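**Student:** Using the hints provided, position chain B relative to the given structure of chain A.
In order, the protein sequences belong to chains A and B. If you read the first sequence in the working numbering, its first letter stands for residue 1, the second for the next number, and so on. If you read the second sequence in the working numbering, its first letter stands for residue 1, the second for the next number, and so on.
Worth flagging that the hints you see were computed from the coordinates, not collected in a lab. Each hint should be verified, as a subset may be incorrect.
Listed next, the stretches of chain B that the computed footprint assigns to chain A, with coverage defined by at least 3 CB atoms under 8 Å from CB atoms of chain A [said to hold, decoys possible]: (1) 132 to 142; (2) 293 to 302; (3) 384 to 390.
This one's a predicted model, so the numbers in the text were calculated from it and none came from an experiment. By construction, the Cβ of each residue, glycine as well, lies at the ideal position given by its N, Cα and C atoms.
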Amino acid sequence: MTTFQSMIAQLQSYWEARGCTIMQPYHTEVGAGTSNPATLLRVLGPRPWRTAYVEPSIRPDDGRYGENPYRFQQFYQYQVILKPAPDDVLDVYLGSLAAIGIDPAEHDIRFVEDNWESPSLGAWGLGWEVWMDGMEITQFTYFQQAGGIELDPVSVELTYGLERIGMHLQKVRRAHDMRWSPDVTWAHVYLDNERQFSTYNYELADTAMLARHFDDHEAEAVRCLERGLPLVAYDQVLKCSHAFNLLDSRRAIAVTDRQAYILRMRRLSQAVSKAYLAAQAETVDA
Amino acid sequence: MPDLLIEIGCEELPASACCDAEQQLPGLLIGALAGAGLPAEAVRIHVAPRRLTAIAEGVPDERISEGSEQRGPRADAPEQARAGFARKHGLPAEQLVERDGFVWAMVAPATVPAAELVGAVVTEVASGLQFAKTMRWDGGRFSRPVRWLVVKLGDQLVDVALLGVTAGEESHGHRTAGGAVRIGSAATYLEDVRGVRVVADAAERRELIERGLNQAGEWIDPMGALDEVVYLVEWPQVLVGGFDQRYLELPQRIPITAMQSHQRYFPLVRDGRLEPRFAFVANGGDPAVVVRGNEEVLVGRLQDAAFAFEKDLARGLQQMLTELARVSFLEGGGSLADKSERVHEVAGQLCERVESEPGTRDAVLRAAELCKADIVSTLVAEFSDLQGYAGSVYARHAGEPEAVCDAIEEHHRPVEAGGELPAGEAGALLSIADKADTVAVAFALGAQPTGSRDPYGLRRAAAGIVAIALSRGFELGLGELMAASVHRLVAQGHDLKRKPLESVPDAVDFVLDRVEPLMLEEGVSVEEIRAARGSGVSGPLPLAALCRALRDARGGERLAALRDAYGRCSRIAAKGAEEAATAVDTSRFEMDEERGLCAALTVADIEIADAAARRDFASALEAAAAMVAPINAYFEAVMVMADDPVIRGNRLKLLADVASTLRLVGDFEQLPG
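So here's chain A without its partners, still in its complex pose:
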């Protein structure tokens, strides 16, 4: 049986063999692997870049106290960025499924239109959700814009939903029963985590503090930008984003304020992206 960890190892070696730099998860909470600077910033500008990494996605509002078979406030994505997007990228992707034991000829694999947009990152792209026998297993996106900047060359992003694929490979209906390693299940590793974080996210998180943190991190991002430190500023943007997500799960954001918060994050992302690009242009031969 393919354990969760061996499936990840297989993906790592598949993409490593295709020239990807294997990165590690980012150290700050992100809602998706896209927000990791290895994606959002590296897709900017002309330099080629190929990377693959696991990203824990932190989405406070998706928590279900561990009671739902496949919805959690923390789940794992496998993120691949290919810049520029190769011509045969769909077939290369199908190859990665074969590498983890999914024979594309045995299944009904479908590429169904799905267009992605992140208003707070000023980013959007066109692509598909990949269906395997009716189940969505991957998001496939040709990035068109990030940080409000048109991308050239266009990168392709593959985001695998690891728990779903793992559950399918192991023929279990609840993530809880999925083997992480031969002797340990997902529940063993994460069930308590889900319970505690769901409680915190929905019931306990200090909303006044979070609102303050949002303001503080925003101000800090601006200061970092003024000193020409876009990478540091971007971390502050990510912290704003996590504070926003927690405020949201605490239902502390009125519909009227939501747009304003998103706009503030978008402005920062755009400023960071611009500064990052400018810095990159200066060091282009380094």
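**Tutor:** Structure of chain B alone, referenced to chain A:
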């Protein structure tokens, strides 16, 4: 004569892009070929997720152009102009001939082989395609990246490159079970790709799918999944899966929505009852594996739905109602509790106006209180399509009368242009009250649509009001309903962004705008619509009735005479508006024709008002036309601009009154003369 084949090979196209291409390709190909001087006998289009294929049958072997003499620039024009002219006709400059003060090109008869011309045709066709959304990649811009191109004229390969690919003979079949294939010619195309597991023709795929579904049993498709599914597969295979009987204990629309929304499955029924089975269309794979996978996905969704349903029942409709105060409706428009309260008030007024039965009225008012509760339900959070339906189920569970439950379910209708209308009167009234409030409040808050931006779906809401009012013959009094909404909004403590005196008439006009497309469909002209709008009628029903009356009167002599008579009155009245008396003084009349016109006006006033109240605008037009003779007699005999300012003012006022009475049946000056 050879056939031309163009196959543009793409990464999986969205279903909507396939449909766009299918519609546009025939015109594009015919046009491009005609432009190249190669008119084809027929075209056929085959569209599938990975290919857009256009075939022109019977393309001429060559373009034959006869010899001609073309006049160019003047003989004394600069050298540059002469050279350009020569180049245009493919001649060396020294072969130009001078005659009659001009330069001439003697173009010899020419024959150009079609093979040399079709490359440009292909480029024109591909670049002419318009998609709702396009993306960039290395190769260019299209709906999705283009990965190969096959162009053949007869069995000859045509040399052309576009969007990053060069034409070849090699096509590609089914993504996982096909492989590459050499295309022989247009004649063999469908069979060539069938060999690599592709049914390229959409109509054929639809037929295969329908046949498969029919074999699976009696299937339903209330959400219209089939139209999309046809373009999601290249090698359709209808399979059947099952699920546990216990999910059929859920109200029917819940499992149906779980099957149809997102998953695009087709529920199977027997004697009108759902069976615990569903049909779906796969694009390949091992049937046993594919069925098992899809069953698991559906069970997951049914579990979610059942869980949500039970949770909602445990929470109860009353509890949901109390939560509405915490959910915002429009920015600055307060909560959904505020909205429900306004809808309740507007609905009450509407019931009085249309004189609904007391029973209907009670149902409408109770449903107005309850109809937004399901927005906070877990089920609607999972399946937004169930809004309204979920509320009706929970209301029934709470013991509400059937009429109330039906009105809650129906008040979202119509959900799209031309969609199904509420079946019952209570649902129809509640739907109008809800939509009128949404439009009125959005306009009062400055959130009206701008250009193509309509984030709150106000056009759809307005079109819904119009469709229901016209089909039921409701007299709405839209202005009063919307004013009531806005007044209540203020009473609820919300600040307006615009004065009600401006926003309410704007909102009414906005709703009346939605009458226009319906009238155009009924053969009313743009000018007749404008004339009817100019009458100042303030409801969809009278507006539609007046439009139709003007249409029916079109071309008649009486209407033409009325138009002219009205024009004379309104023009002179407008010019002399400042001098006009405040009221007509009959003692100041000097001529019989003045008295005659005044008497005719009194009669017309009564008859027009009477006919308009009955929405009988044909009679109203008759009554107006009866004014033509007295008006014309008046202008024959009476000098309007009399020297005595009092007499003049009196005459101007009479004409102004005549014009405004006539305008009640249309601003005739909008009509073509």
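**Student:** Decide, hint by hint, whether the structure agrees.
**Tutor:** Hints and how they fare:
Here's how the stretch 132 to 142 of chain B fares: 5 of its residues keep a CB closer than 8 Å to some CB of chain A, so the rule of at least three is met and the hint holds. Residues of the stretch 293 to 302 of chain B lying with their CB closer than 8 Å to a CB of chain A number 7, which satisfies the three-residue condition for coverage. Counting residues of the stretch 384 to 390 of chain B whose CB falls under 8 Å from any CB of chain A gives 0; the rule of at least 3 is not met.
Checked against the numbered hints given earlier, the structure breaks only hint 3 and satisfies all the rest.
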